[in-house]
Amino acid sequence: MAAEPSRVETFVELIRRASVDLPADIEGALQAGRKAEAAGSLAERALGTVLDNVAMARDLSSPICQDTGTPVVWVHHPAGVSTRRLEEDFVEAVRQATARSFLRPNAVDTLTGKNTGHGTGRGIPYLHFEEWDHDRIEVRMILKGGGSENCGAQYKLPDGKLKAGRDLEGVRRAVLDAVFQAQGKGCAPGVLGVCIGGDRVSAFSESKHQLLRPLADVNPLPELAALEARILDEANTLGIGPMGFGGQTTLIGVKIGVLDRLPACYFVTVSYMCWADRRAGVSIDSGGQATWLS
Amino acid sequence: MAELKLPADEKTIRALKVGDFVELSGRMITGRDAAHKWLVEAHRDEVAPYLADSVIYHCGPVVAKTEDGGWKFVAAGPTTSIREEPYQADVICSYRLRGVIGKGGMGKKTLDGLARGGAVYLHAIGGAAQVLAAAVTRVERVFMLEEFGVPEALWVIQVERFPVVVSMDSHGGSLHDEVEAASKSRLEELLARG
Chain A
0 MAAEPSRVET
10 FVELIRRASV
20 DLPADIEGAL
30 QAGRKAEAAG
40 SLAERALGTV
50 LDNVAMARDL
60 SSPICQDTGT
70 PVVWVHHPAG
80 VSTRRLEEDF
90 VEAVRQATAR
100 SFLRPNAVDT
110 LTGKNTGHGT
120 GRGIPYLHFE
130 EWDHDRIEVR
140 MILKGGGSEN
150 CGAQYKLPDG
160 KLKAGRDLEG
170 VRRAVLDAVF
180 QAQGKGCAPG
190 VLGVCIGGDR
200 VSAFSESKHQ
210 LLRPLADVNP
220 LPELAALEAR
230 ILDEANTLGI
240 GPMGFGGQTT
250 LIGVKIGVLD
260 RLPACYFVTV
270 SYMCWADRRA
280 GVSIDSGGQA
290 TWLS
Chain B
0 MAELKLPADE
10 KTIRALKVGD
20 FVELSGRMIT
30 GRDAAHKWLV
40 EAHRDEVAPY
50 LADSVIYHCG
60 PVVAKTEDGG
70 WKFVAAGPTT
80 SIREEPYQAD
90 VICSYRLRGV
100 IGKGGMGKKT
110 LDGLARGGAV
120 YLHAIGGAAQ
130 VLAAAVTRVE
140 RVFMLEEFGV
150 PEALWVIQVE
160 RFPVVVSMDS
170 HGGSLHDEVE
180 AASKSRLEEL
190 LARG
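Listed in order, the protein sequences are those of chains A and B. Note that the first sequence covers residues 0 to 293 in numbering that gives the first Met the number 0. Note that the second sequence covers residues 0 to 193 in numbering that gives the first Met the number 0.
If you're looking for bench data, these hints aren't it; they were derived computationally from the structure. Since we're looking at a predicted model, the values are computed, not measured. Some hints could be false.
Using 27 Å as the maximum straight-line C-alpha spacing, the simulated DSSO-like pairs for lysine-lysine come out as follows [what the hints assert, rightly or not]: (1) B/107 to A/160; (2) B/36 to B/107; (3) A/34 to B/183; (4) A/113 to B/71.
Part of the chain B face toward chain A, derived, beta carbon under 8 Å [claimed, not checked]: (5) 18; (6) 174; (7) 178; (8) 183.
Computed beta-carbon distance windows for the label pairs [to be verified]: (9) B/181 to A/215: 25 to 33 Å; (10) B/18 to A/285: 53 to 61 Å; (11) A/58 to B/145: 33 to 41 Å; (12) B/18 to A/129: 44 to 52 Å; (13) B/16 to A/236: 22 to 30 Å; (14) B/42 to A/108: 27 to 35 Å; (15) A/198 to B/145: 42 to 50 Å; (16) B/4 to A/113: 33 to 41 Å; (17) A/162 to B/92: 41 to 49 Å; (18) A/160 to B/16: 31 to 39 Å; (19) A/23 to B/41: 46 to 54 Å.
Every residue gets a Cβ at the ideal spot worked out from N, C-alpha and C, and that includes glycine.
Working from the sequences, and respecting the hints, build out all of it.
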């Protein structure tokens, strides 16, 4: 069945926007980080290069990073919309965006080691679908690079080595350890998406979903809002800094979600997002008209 | 900030210290996973002259064909270096390499190899694919393109004012070790606070 050209085209543009530009809040946080670093320091220079790179990518409409990551997508749709066709259209859009160099061919056959050449493969991209009462379709996505993905971690509490019990203090200890373990390797300064609870699969999914929240978004649960602020402050005293060069800007955001858990399980799951925190969104009305979301 | 011309001699490289910010100009070569394995399996005479007194860049670029049949680097940031840890010291010493460019730093074996061979580890800014591609002024030639594919091939490139930070020097100094040690003691303080 032929894909609807207009929807595929909208998705290609969504992917382009994600790959070549950063959300304003992320760029603003990187600028603030640069100001906070000592003049002439490696940290200040690293963030200067990062910001120059963001501006160049935007002007050239070319990828911010050559690792254009895995597209991870969340879709809200009205009742009666075919999620199968939505997925087909998005996969086709990834192929077109790859052919147009908005994405690097980034899918490798795990068994043969061969690059598929078109950016899609088994499990790539992957989409989450949820029905809602509105008549529009809303699509939000991130591009998550491999270097930062390798810095993700899942802790099982209690953890004797960290003296982390099954409470928010235990969560704090685990998350700070994850920041320490990552050093600069996830392309710091990063944003953490965290999930407390859930199972091993739902928790990683929710930790990535947290990355859709704007940096200024305040957690509706006051105890988690306080924990987010505390971890952000404390992580920035670790001295890891941009690229791990040392400095005050190790993280620019911490977002924590919670899922209920089995009595036997207490996971703390951390997804590390690099400074190139590429997220984008679009709302498509019933006539196919696209509105870009920030 | 200092400009470092390539090729460079051992004395120039030994003068570099952890924390120095330098800009590279001259000729270098890219190489990542497949290339490092290949370079140590046998001495590759055809590539050796491009490695001697120069640097290898851990990079899998996005390239485009130019109208005259040549190549252009479109996006070219560093990839994570630690994967080359088993090979790097051997490549440095057997090809008389003066430097390695990548991101994330490398381990003890490479640090020892840098000291023995007279070379440095140069950290480029991860993710800065546009800034770094713009510093590549010309693609001279490419080795093993058919066999390895675009990201893994060895690309001989000319660069101008390519910005890097010396994060491991030829005297056993490692910024990565320093930052990790300092952040570890700070983490212990934070955890003791509760």
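Hint by hint, work out which the structure violates, then give me just those numbers in ascending order.
none
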